[in-house]
Amino acid sequence: MGDFKFAKDKLAEVVGALKDYEVFAPAAVGDVLRFKEVEDASSVSFDFKNTNVPPKELMFPETETLFKFRVGKTDIEPAVPDESKKRLVFGIRPCDAMAYTIVEKLYSWDYPDPYFEKRRESSVLFGLACSEPVPNCFCTSLGGGPGSEQGLDALMFDLGETVYVKTITDAGDTVAKAMGLEAAADAEKKAAAAQEKDALGKIKRSIDTEGIPEKLPSLYDHPFWEQFSDRCLSCGICTFLCPTCHCFDIQDEMEAFDGRRARMWDTCMFPEYTLHTSGHNPRPTRKERTRNRISHKYSYFPEKFDVIACVGCGRCINYCPVNIDILDILEKSKQAEAKEAKTA
Amino acid sequence: MSEEYEPNILAFLCNWCSYAGADLAGTSRTHYLPNIKIIRVMCSGRVNPLFLVNALQQGADGVLISGCHPGDCHYLEGNFYARRRFMLMRKLLEHVGVDPGRVNMSWVSASEGAKFKEVIDETVAKAKEAGPMDQFRRRQLNW
Amino acid sequence: MVDETILREKAREVLARDDVRRLIGWKRGTYGYESAPAVLKDASQADELIFDPTCVQNPASFITLEEKLPVPRGQDPDTRKVAVLVKGCDSRAVVQQLVEKAYTRDGVIVLGVPCTGVVDRRKAQKMFGDTSEPVMIKEEGDKFVFIIDGETREGPRAELLADKCVRCRFPNPLVYDELVADEVAVWGADEFADVDEFEKMSPPEKWKFWEEQFSKCIRCYSCRNVCPMCYCLECVVTKQKPQWTRRSTDVSENTAYHIQRAWHLSGRCIECGECERVCPVDIPITTLNRKMTRDVKELFSYEPGVDVEAEPLLSCYNPQDPEEYIM
Numbered sequence: 015m016g017d018f019k020f021a022k023d024k025l026a027e028v029v030g031a032l033k034d035y036e037v038f039a040p041a042a043v044g045d046v047l048r049f050k051e052v053e054d055a056s057s058v059s060f061d062f063k064n065t066n067v068p069p070k071e072l073m074f075p076e077t078e079t080l081f082k083f084r085v086g087k088t089d090i091e092p093a094v095p096d097e098s099k100k101r102l103v104f105g106i107r108p109c110d111a112m113a114y115t116i117v118e119k120l121y122s123w124d125y126p127d128p129y130f131e132k133r134r135e136s137s138v139l140f141g142l143a144c145s146e147p148v149p150n151c152f153c154t155s156l157g158g159g160p161g162s163e164q165g166l167d168a169l170m171f172d173l174g175e176t177v178y179v180k181t182i183t184d185a186g187d188t189v190a191k192a193m194g195l196e197a198a199a200d201a202e203k204k205a206a207a208a209q210e211k212d213a214l215g216k217i218k219r220s221i222d223t224e225g226i227p228e229k230l231p232s233l234y235d236h237p238f239w240e241q242f243s244d245r246c247l248s249c250g251i252c253t254f255l256c257p258t259c260h261c262f263d264i265q266d267e268m269e270a271f272d273g274r275r276a277r278m279w280d281t282c283m284f285p286e287y288t289l290h291t292s293g294h295n296p297r298p299t300r301k302e303r304t305r306n307r308i309s310h311k312y313s314y315f316p317e318k319f320d321v322i323a324c325v326g327c328g329r330c331i332n333y334c335p336v337n338i339d340i341l342d343i344l345e346k347s348k349q350a351e352a353k354e355a356k357t358a
Numbered sequence: 005m006s007e008e009y010e011p012n013i014l015a016f017l018c019n020w021c022s023y024a025g026a027d028l029a030g031t032s033r034t035h036y037l038p039n040i041k042i043i044r045v046m047c048s049g050r051v052n053p054l055f056l057v058n059a060l061q062q063g064a065d066g067v068l069i070s071g072c073h074p075g076d077c078h079y080l081e082g083n084f085y086a087r088r089r090f091m092l093m094r095k096l097l098e099h100v101g102v103d104p105g106r107v108n109m110s111w112v113s114a115s116e117g118a119k120f121k122e123v124i125d126e127t128v129a130k131a132k133e134a135g136p137m138d139q140f141r142r143r144q145l146n147w
Numbered sequence: 003m004v005d006e007t008i009l010r011e012k013a014r015e016v017l018a019r020d021d022v023r024r025l026i027g028w029k030r031g032t033y034g035y036e037s038a039p040a041v042l043k044d045a046s047q048a049d050e051l052i053f054d055p056t057c058v059q060n061p062a063s064f065i066t067l068e069e070k071l072p073v074p075r076g077q078d079p080d081t082r083k084v085a086v087l088v089k090g091c092d093s094r095a096v097v098q099q100l101v102e103k104a105y106t107r108d109g110v111i112v113l114g115v116p117c118t119g120v121v122d123r124r125k126a127q128k129m130f131g132d133t134s135e136p137v138m139i140k141e142e143g144d145k146f147v148f149i150i151d152g153e154t155r156e157g158p159r160a161e162l163l164a165d166k167c168v169r170c171r172f173p174n175p176l177v178y179d180e181l182v183a184d185e186v187a188v189w190g191a192d193e194f195a196d197v198d199e200f201e202k203m204s205p206p207e208k209w210k211f212w213e214e215q216f217s218k219c220i221r222c223y224s225c226r227n228v229c230p231m232c233y234c235l236e237c238v239v240t241k242q243k244p245q246w247t248r249r250s251t252d253v254s255e256n257t258a259y260h261i262q263r264a265w266h267l268s269g270r271c272i273e274c275g276e277c278e279r280v281c282p283v284d285i286p287i288t289t290l291n292r293k294m295t296r297d298v299k300e301l302f303s304y305e306p307g308v309d310v311e312a313e314p315l316l317s318c319y320n321p322q323d324p325e326e327y328i329m
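Chains as they are written, first to last, in my numbering: chain X, 15 to 358; chain H, 5 to 147; chain D, 3 to 329.
What the hints contain is simulated information worked out from the structure, not anything from laboratory work. Please read all numbers here as calculations on a predicted model, not as lab measurements. A portion of the hints provided could be inaccurate.
[As the list claims (entries may be wrong)] No more than 30 Å apart at the CA atoms, straight line, and that leaves these computed lysine-lysine pairs for DSBU-like: (1) LYS70(D) <-> LYS346(X); (2) LYS63(X) <-> LYS229(X); (3) LYS132(X) <-> LYS119(X); (4) LYS29(D) <-> LYS216(X); (5) LYS63(X) <-> LYS82(X); (6) LYS346(X) <-> LYS29(D); (7) LYS218(D) <-> LYS132(X).
[As the list claims (entries may be wrong)] Listed below are several chain D residues computed to face chain H (Cβ distance under 10 Å; list not exhaustive): (8) SER254; (9) LEU316; (10) CYS318.
[To be verified] Computed list of chain H residues with no C-beta within reach of chain D, every gap over 12 Å: (11) ASN12; (12) ALA24; (13) GLY30; (14) ASN39; (15) LYS41; (16) ILE42; (17) ILE43; (18) HIS78; (19) MET109.
Every residue gets a Cβ at the ideal spot worked out from N, C-alpha and C, and that includes glycine.
With the sequences and hints as input, model every part of the structure.
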């Protein structure tokens with residue numbers, strides 16, 4: 015596809031030139047970054063690493079109304095997302111975009127989810143390649159990388175004074191033209207390639223995922239999980255901030271005679287998640303819950319969809335308050351497995 | 005809105021003193037403001053501060069908790085616990101930026117029908133001064 | 003200064019006892035400026051234990067986090083003790099848990115660790131940046147010496163100490179069976195200047211501040227779960243019938259959650275600062291707790307977590323309690 019560029023100090027003009035799109039970009043509240051709809055194009059900046067809350071919330075919001083209803087009436091008022099306006103996600107990191115391609119498999123399987131799909135279809139993703147990966151990034155171990163193009167429509171490289179834009183799909187090309195970008199020269203392409211190589215060298219952490227999906231089930235009852243689960247708080251940080259975690263709860267919220275059915279993020283780390291009406295809980299302790307989180311990502315999901323449900327963004331490691339490190343767990347699982355194999 | 009703002013007040017009255025006091029106000033034909041909705045509880049000590057937060061969420065502009073005078077509690081000490089609790093809750097709400105005039109407490113005995121009227125008048129006046137409670141009211145349903 | 007060999011030796015002795023089930027302390031984290039809480043079950047693991055300014059976590063939180071499953075018929079419940087390493091602030095959590103009868107004094111073995119302050123990860127990250135290797139931190143006079151990726155860096159102690167340590171009045175454990183080092187001198191004082199500063203704001207300003215903060219909340223409940231005083235088996239915010247707080251995240255429900263949390267901790271918060279440390283979206287949660295702590299002290303001359311014999315604040319009363327707000 016095409017190669018474009020624009021001067022970085024023209025960022026506001028470039029974003030502002032798009033009239034037919036709702037633009038979403040990272041915005042800060044204090045030190046916390048998350049994707050928000052851009053109201054003022056001059057507030058858009060490339061000066062960030064990873065957002066605290068992943069942009070999964072653009073396709074799968076924290077809380078969303080599915081439909082509204084009124085007691086005593088038979089008709090309901092569905093709240094299907096409005097697709098009349100195209101959405102542009104500006105500055106999404108390659109790992110977060112790759113996460114969409116993973117979650118998509120689930121949301122389009124079996125019973126397609128109209129809410130997720132409509133948002134995904136109407137969105138154009140303009141990625142921003144990483145020049146300074148965060149210390150706990152390990153995307154390269156999972157088929158991603160600082161310049162990975164998976165799921166993106168265009169990828170931007172911040173080269174200091176200019177921004178090189180490489181369009182990947184027709185949709186990306188259309189948007190780049192609507193922005194009025196000029197064509198890029200070989201110099202920018204080379205600089206972008208050099209930047210990607212440099213960024214690759216800065217990724218310090220990694221895991222060899224070979225064999226993990228097949229071997230994890232054999233460790234189902236292994237005591238090594240307790241090393242981690244004993245200090246787990248059972249909070250929702252790792253799953254809520256995970257770009258590929260996709261579980262939700264559905265609740266009816268009533269106010270006198272009006273109500274809505276809403277869905278909101280849920281997490282397998284809460285004991286309530288698996289609590290049966292009878293009072294029985296199949297995952298009564300933190301051991302089962304920790305095991306489920308890791309096994310779902312690295313074993314159950316790949317079994318069904320042939321892809322590990324992890325993109326290596328490092329959020330669960332960065333934000334876990336008790337240092338439960340997914341790479342450490344996987345490393346220890348390999349050791350435990352090797353030990354088992356030896357004694358067997 | 006051209007009409008004058010009329011606050012919604014939720015009152016938790018204890019069964020033994022304040023509810024009887026309200027009853028007396030009614031039977032003696034004392035006119036008190038109609039902004040108040042009464043919930044009868046067995047004791048002011050029964051009122052969980054959670055009720056108060058929930059009331060403010062669901063559209064109350066002010067809350068009144070009323071019990072027996074100290075020492076007169078039917079259960080001997082329920083109102084002493086309530087006094088501590090709501091003292092702290094008021095302070096907390098104030099810290100979050102909610103007008104403390106929305107949280108009121110009073111001691112009204114079964115014979116104080118006239119005092120009950122005064123309490124209601126004052127509660128309503130304070131809530132009027134504070135204006136509509138729009139800070140953390142539930143708005144999930146905007147039809 | 004705490005000698006880690008003595009600490010490990012004492013821990014080993016305790017873990018070797020037949021009547022001890024587990025020991026909770028700290029071990030080296032896998033990256034960055036914080037240690038990891040360690041739950042050890044065997045004396046051979048005692049060498050994993052550390053104590054240095056990276057040990058911010060409150061091990062007392064993990065005593066009550068352990069799930070108690072129903073004991074199968076015909077089996078006896080495991081009544082062995084839990085051993086716990088505590089800094090001064092952490093020991094207040096143990097005191098308060100004992101006051102509330104969360105467990106009995108016989109059920110725990112407390113190893114006290116006199117502490118000279120721990121480093122705030124956020125402050126250190128701002129000063130020295132992130133790293134994917136575990137950082138070693140030592141205290142030298144009024145400086146902290148860091149070893150980050152093999153490089154030695156220094157920073158002033160006053161600027162890097164966690165907020166709770168700046169105003170720490172209890173560096174030495176208040177309850178213990180054994181101390182692993184000599185007691186240290188108290189350096190801090192607490193005048194609640196931060197609360198006074200906050201209260202200068204007008205009510206609309208206060209609400210504007212909290213509205214922004216609460217709207218960030220993703221309701222992961224890490225602040226609740228990490229809190230050593232939040233150990234209820236069933237929490238009102240996750241209860242479904244009746245449902246007091248809805249699960250949807252918006253300003254209304256988030257505010258209701260935070261008010262309830264702060265309220266339930268009034269007269270119980272022992273100011274270990276864990277809630278604010280764990281928050282993934284940086285909500286200044288202790289600001290609410292500090293306000294309650296100060297008011298409880300002023301109104302009822304009560305301080306939680308200092309006296310094992312005390313009665314919990316809200317399950318007692320004084321007929322002379324202030325009541326100027328009551329009509």
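_Indices of hints not satisfied (ascending)_ = 2, 5, 19
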